[in-house]
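Asks: Each chain, written out:
2 protein chains.
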Amino acid sequence: MKLHTVGILGGMGPAAGADFVRLFVQACADHLRASGAPVTDQGYPEHWLAQLPIPDRSAALLAPETAEDPFAMMCQGLDKLQAVGARAVAVACNTAHAWHGRLQQAYPQLQLLHIARVVAEGLQQQGQQACMLLATQGTYRIGLYDQALAACGITVHLPQEAERELLMRGIYQGVKADRMDQARADFAAVAQVMRARHGDVPLIMGCTEIPLALPGADSVQGLPLIDPAWELARALARVAYGD
Amino acid sequence: MKLHTVGILGGMGPAAGADFVRLFVQACADHLRASGAPVTDQGYPEHWLAQLPIPDRSAALLAPETAEDPFAMMCQGLDKLQAVGARAVAVACNTAHAWHGRLQQAYPQLQLLHIARVVAEGLQQQGQQACMLLATQGTYRIGLYDQALAACGITVHLPQEAERELLMRGIYQGVKADRMDQARADFAAVAQVMRARHGDVPLIMGCTEIPLALPGADSVQGLPLIDPAWELARALARVAYGD
Numbered sequence: 001m002k003l004h005t006v007g008i009l010g011g012m013g014p015a016a017g018a019d020f021v022r023l024f025v026q027a028c029a030d031h032l033r034a035s036g037a038p039v040t041d042q043g044y045p046e047h048w049l050a051q052l053p054i055p056d057r058s059a060a061l062l063a064p065e066t067a068e069d070p071f072a073m074m075c076q077g078l079d080k081l082q083a084v085g086a087r088a089v090a091v092a093c094n095t096a097h098a099w100h101g102r103l104q105q106a107y108p109q110l111q112l113l114h115i116a117r118v119v120a121e122g123l124q125q126q127g128q129q130a131c132m133l134l135a136t137q138g139t140y141r142i143g144l145y146d147q148a149l150a151a152c153g154i155t156v157h158l159p160q161e162a163e164r165e166l167l168m169r170g171i172y173q174g175v176k177a178d179r180m181d182q183a184r185a186d187f188a189a190v191a192q193v194m195r196a197r198h199g200d201v202p203l204i205m206g207c208t209e210i211p212l213a214l215p216g217a218d219s220v221q222g223l224p225l226i227d228p229a230w231e232l233a234r235a236l237a238r239v240a241y242g243d
Numbered sequence: 001m002k003l004h005t006v007g008i009l010g011g012m013g014p015a016a017g018a019d020f021v022r023l024f025v026q027a028c029a030d031h032l033r034a035s036g037a038p039v040t041d042q043g044y045p046e047h048w049l050a051q052l053p054i055p056d057r058s059a060a061l062l063a064p065e066t067a068e069d070p071f072a073m074m075c076q077g078l079d080k081l082q083a084v085g086a087r088a089v090a091v092a093c094n095t096a097h098a099w100h101g102r103l104q105q106a107y108p109q110l111q112l113l114h115i116a117r118v119v120a121e122g123l124q125q126q127g128q129q130a131c132m133l134l135a136t137q138g139t140y141r142i143g144l145y146d147q148a149l150a151a152c153g154i155t156v157h158l159p160q161e162a163e164r165e166l167l168m169r170g171i172y173q174g175v176k177a178d179r180m181d182q183a184r185a186d187f188a189a190v191a192q193v194m195r196a197r198h199g200d201v202p203l204i205m206g207c208t209e210i211p212l213a214l215p216g217a218d219s220v221q222g223l224p225l226i227d228p229a230w231e232l233a234r235a236l237a238r239v240a241y242g243d
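Protein chains in written order, with the working numbering: chain A, 1 to 243; chain B, 1 to 243.
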């Protein structure tokens with residue numbers, strides 16, 4: 001069996017990038033077991049993680065005149081991932097998918113997976129008709145999941161403006177600043193009010209920082225939590241194994 | 001401040017490589033906080049993780065006539081890490097350090113950190129005079145830690161042969177096969193008998209798979225556990241920040 005070398009573009013933030021590799025390795029182990037192959041070091045496809053100091057994606061979307069554009073540095077990462085032999089790349093940041101179209105156009109030889117499409121197709125296969133979305137202001141602004149979910153016939157419930165600010169606080173002053181308790185409290189509060197409004201429909205944790213802090217919080221007990229990074233990691237493993 | 005790009009040679013096994021990136025990111029965050037800098041995505045140095053299907057290191061050391069030599073594929077990884085701009089590289093596998101000398105000679109422009117020397121220097125700074133070592137048969141065979149610890153004037157206690165076999169079972173049929181309960185039971189049993197023989201001296205978890213399963217086991221409560229991967233990750237962060 002010929003495995004394909006794959007890449008992960010991370011650094012957005014670095015903790016989420018590291019966690020994405022963990023998920024990818026887990027997805028590969030699951031794949032080996034499911035196919036009856038032994039789980040050994042040599043059973044994994046070659047994979048590369050690139051963590052570059054990519055400018056802030058939300059800032060670039062919300063204040064494009066003043067904030068630095070992350071596109072050029074994402075291209076640096078993809079240049080090098082292509083140079084080391086990657087055939088497909090997963091971008092370990094939801095908001096960064098705002099540049100997915102431009103990046104895919106600039107790198108036609110690379111298969112650039114799309115996190116929201118992977119999630120939407122998974123929910124569709126489960127027969128889900130509605131879901132809730134926790135994400136960054138940038139992700140809401142570009143309608144990343146809205147488009148992908150609409151294409152699969154799934155209704156998406158979004159938080160209100162004050163709730164979105166709370167999510168941003170949990171991401172920036174919580175996870176990215178390595179204050180996990182703060183992050184958990186903020187994410188859990190938003191999840192609680194949304195659950196009260198919309199019921200027990202799947203909750204998409206649509207920023208790679210959110211699954212690092214939210215699971216385990218009381219307010220999401222019993223709620224189906226969708227980790228797009230996990231869905232993306234599984235999709236990347238399928239590509240690496242040539243499925 | 002100019003940061004240096006650094007690399008991590010992993011895949012030995014992939015779960016340990018992913019965990020090493022997590023530790024490196026944590027070490028960088030600690031470094032930023034200690035220096036009073038904000039912990040943001042852009043504060044981290046560029047870093048790359050290469051996970052290649054490198055042939056088994058212990059097998060190559062124990063049966064060099066029949067097992068595949070991992071040297072060539074480690075060189076493939078270093079070639080590419082050098083190509084993407086890495087100036088220093090940490091190898092996320094203890095046993096692989098058997099090839100450290102040959103690799104450093106083959107890549108004189110790369111600073112190849114040495115996991116056992118980093119650990120020995122750390123224990124010396126703490127004023128420790130003795131320690132215990134859990135590792136692979138390959139690591140015992142090459143005396144990786146023995147040399148580095150002796151150079152720092154530290155006595156090292158090793159497990160007996162049957163105990164070493166138990167460690168190998170925990171590593172291969174436990175962690176590498178994703179059976180963590182099995183791994184924890186095997187590692188904890190060896191730690192218990194060694195602690196009874198040698199007392200509460202620091203225990204070096206000298207295989208990157210061991211810290212994935214041993215901490216938290218009853219038999220090591222209160223024992224100083226040294227995670228060489230954490231010490232190596234901190235050393236790599238110091239290089240990346242130009243200390």
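Don't read these hints as lab results, they were simulated from the structure.
All C-beta atoms in this analysis are idealised placements derived from N, C-alpha and C, irrespective of residue type, glycine included.
Be aware that one or more of the hints could be misleading.
Claimed, not checked - Listed next, the stretches of chain B that the computed footprint assigns to chain A, with coverage defined by at least 3 CB atoms under 8 Å from CB atoms of chain A: (1) 28 to 41; (2) 44 to 55; (3) 136 to 143; (4) 160 to 167; (5) 176 to 189.
What the hints assert, rightly or not - Among the chain A residues that face chain B by a calculated CB cut under 7 Å, a handful are: (6) Pro14; (7) Val25; (8) Glu46; (9) Ala50.
Asks: Does the stretch 176 to 189 of chain B contain three or more residues whose Cβ lies closer than 8 Å to a Cβ of chain A?
Replies: holds (count 3)
Asks: Please count how many residues of the stretch 44 to 55 of chain B have a CB within 8 Å of a CB from chain A and say whether that reaches 3.
Replies: holds (count 12)
Asks: Does the interface hint hold: is A/Val25 within less than 7 Å of chain B, judged Cβ to Cβ?
Replies: holds, 4 Å
Asks: Min Cβ distance, A/Pro14 to chain B: is it shorter than 7 Å?
Replies: holds, 4 Å
Asks: Counting residues of the stretch 160 to 167 of chain B that have a beta-carbon nearer than 8 Å to any beta-carbon of chain A, does the count reach 3?
Replies: violated (count 0)
Asks: Are there three or more residues in the stretch 136 to 143 of chain B whose C-beta lies within less than 8 Å of some C-beta in chain A?
Replies: violated (count 0)
Asks: With a Cβ-Cβ cutoff of 8 Å, does the stretch 28 to 41 of chain B contain at least three residues near chain A?
Replies: That given contact holds, which follows from 7 residues of the stretch 28 to 41 of chain B lying within Cβ reach (below 8 Å) of chain A.
Asks: Can you verify the interface hint for A/Glu46: is its Cβ closer than 7 Å to any Cβ in chain B?
Replies: Holds. Min distance 5 Å.
Asks: Let's test the interface hint: is any C-beta of chain B closer than 7 Å to that of A/Ala50?
Replies: holds, 6 Å
Checked against the numbered hints above, the structure violates hints 3 and 4; every other hint is satisfied.
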